[in-house]
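With the hints as extra help, turn the sequences into a complete structure.
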Amino acid sequence: MTALRRPLALTLILLLILACFFAPFLWIVSNSFKPQLGIFSDVTPISWRTFLPLEPVLDNYRSLFERTNILRALLNTAIVSVGQVTLTLILCAMAAYALTRIKFRGSQVVFVVILLTFLLPVEAMLVPLFQVVSGLGLANSLLGVMIPWIASPFGLFLLKQAFEELPRDLEDAARIDGAGHVRTFFSIILPNVKVPLLTLGLVTFLFSWNSFLWPLVIAQNPDIQLIQVAIAQQGSPTQLPNWGETFAGATVATLPLILLFLVLQKYFTQGMAMSGIKG
Amino acid sequence: MAQVRLVDLGKTYDGASANTIKGLDLEVADGEFLVLVGPSGCGKSTTLRMIAGLEEPTAGEIWISDRRVDGLEPRERDIAMVFQNYALYPHMTVAQNMSFGLRLAKVPKAEIRQRVETAAETLGLRDYLNRHPKALSGGQRQRVAMGRAIVREPGVFLFDEPLSNLDAQLRGQMRTEIRRLHDRLSATTVYVTHDQVEAMTLADRVVVLKDGRIEQQGSPQELYDRPATRFVAGFLGSPQMNMLSGEVRQGALDLGGGSQLALSADRAAPLEGRKLDVGIRPEAFRLAAPEVAVIHGRAEMVELLGATSLVHFVHAGQACTALLEPSEAPRAGQPLHLGLSPDRISLFDADSGRAV
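Taken in sequence, the protein lines are chains A and B.
Position 239 (the first sequence) corresponds to 239 in full-length UniProt numbering; numbering is contiguous.
Position 331 (the second sequence) corresponds to 331 in full-length UniProt numbering; numbering is contiguous.
Straight-line distance between alpha carbons at most 35 Å, and here's what the computed DSBU-like set of lysine-lysine pairs gives:
no.: 1; chain 1: A; residue 1: K194; chain 2: B; residue 2: K106
no.: 2; chain 1: B; residue 1: K210; chain 2: A; residue 2: K103
no.: 3; chain 1: A; residue 1: K103; chain 2: A; residue 2: K266
no.: 4; chain 1: B; residue 1: K275; chain 2: B; residue 2: K22
no.: 5; chain 1: B; residue 1: K109; chain 2: A; residue 2: K194
no.: 6; chain 1: B; residue 1: K134; chain 2: A; residue 2: K103
no.: 7; chain 1: A; residue 1: K266; chain 2: B; residue 2: K134
no.: 8; chain 1: B; residue 1: K22; chain 2: A; residue 2: K103
no.: 9; chain 1: B; residue 1: K134; chain 2: A; residue 2: K194
no.: 10; chain 1: B; residue 1: K106; chain 2: B; residue 2: K134
no.: 11; chain 1: B; residue 1: K210; chain 2: B; residue 2: K275
no.: 12; chain 1: B; residue 1: K22; chain 2: B; residue 2: K210
no.: 13; chain 1: B; residue 1: K109; chain 2: B; residue 2: K134
no.: 14; chain 1: B; residue 1: K106; chain 2: A; residue 2: K103
no.: 15; chain 1: A; residue 1: K103; chain 2: A; residue 2: K194
no.: 16; chain 1: A; residue 1: K194; chain 2: A; residue 2: K266
FYI, nobody ran anything at the bench for these hints, they're computed from the structure.
Since we're looking at a predicted model, the values are computed, not measured.
Below, the structure written as structure tokens:
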């Protein structure tokens, strides 16, 4: 009896946790299909009406795509996210490999100093970053949005752990086989840290896709607005927010992430377990 | 094929107080199977890695055939190496693992295929060519590692404790295969191990290293029968050589506990009064009648090994082992009388540990 009760209790707890995480998503999606008035009239008392659009309408989506620049923002975000993932993977993998394998005096200090930057909140770096990126002439450009984050201390940490777990004999064997540093790195090392690379790619993509504050500051031109900023700014400052459109925008913005996560979640959880860091 | 010559080779690691390798002079003849053996930290793997080009020597020269190779990249040295943990590339198939070096060397595809197939045939890997290493057993992985070395047709094969990760039965099997392979290819081989059984069974010549220096080198039998130092005596042979304290008095060797062993006059005379360590192989003991026995004691424990029995006893406060026929071995607790022939003992100076 106890043996049966325990999994039942566990299942109930898990269901409760699932509901806590899932309910806001459901609420957002449901509201995106409701007319503006229906959104608030259904909030209380909480019932199935809160989470299900009884008379679904597509008006919010229609006006979102017709009235706002959402497609442009989606494209911008995709360019920034893919670019940021690519550059982060290249830079972090090479830096982590160098810090793991090339012996030089003070390498540990370099590593610790890089990790310390992990502790600085983005808000604290905003003004100096803005000055540097503007100084480089990259303000109001997609490159300016992604460039401060490609040297990711988290990425360095994650990949350094992965490289350290690879037996050094693999590199020795490659040297004996006649491979140089570059060949060894690309043909032997990288294919064997696929999971951490995918994890880092996914985390970077999530971070980049969801970023709001920095894109808001650095990309003020509406043509290069990113999705989260575009959703927040879809109404004009003098109007009340159009919540239906906001929920529709949030749904559109979340969809690619959910799809990506569903496809790659195996690697994501494996990689997180390896790094010893919670997502 | 090739010879290997190490001239006054030295290695000191950064920050290390002592040299890892000190003035090592060694020649490996063409086609010879040389085994470097010694305890952990004696510098045997470092020596091998210096020959391979994976470590830079801090002193001396390395020659392979008539080329000085220290300073050359591993690929330029005409060597191939087999690692302790196999070091197979996990993301490549067996065939890709074996051919990686050839592909880098831009060997024509047809020739690569032919060499890989020949090696796979030799090593019984034909059916596994498309498998990944994780789908292979330890023994098969080690064969792939050997295959990767063979296909390159190197002048010198280097083995770094290749059997350490295998279980005892497989180790014995692979030992035979390695020796058979060597005999077939007649390749110059330098083999590093800490396992004295491997050293004894595989080598044409054994080099015993201790603290970065050569302690003794010679054929396995030579080292076993005539160890030059107490260290070599203790290192080679399983069970270990018994070591008793002794002193020559009036032409006889006093082994303590009232035991005396008569020595020939010309052997005893120069040793008169010297403190000695007396090395006795367990199989040198034989059961004897109490009146003629040299050692008298009591069997403390008897291990039956099937073909032989190990009888443990204490003599003059030192634990000893005798290897006897199971039929003649006493039971634990019974009195034990052992005879000993003077020409089956090794004598070492008690202070320097060198044979006298």
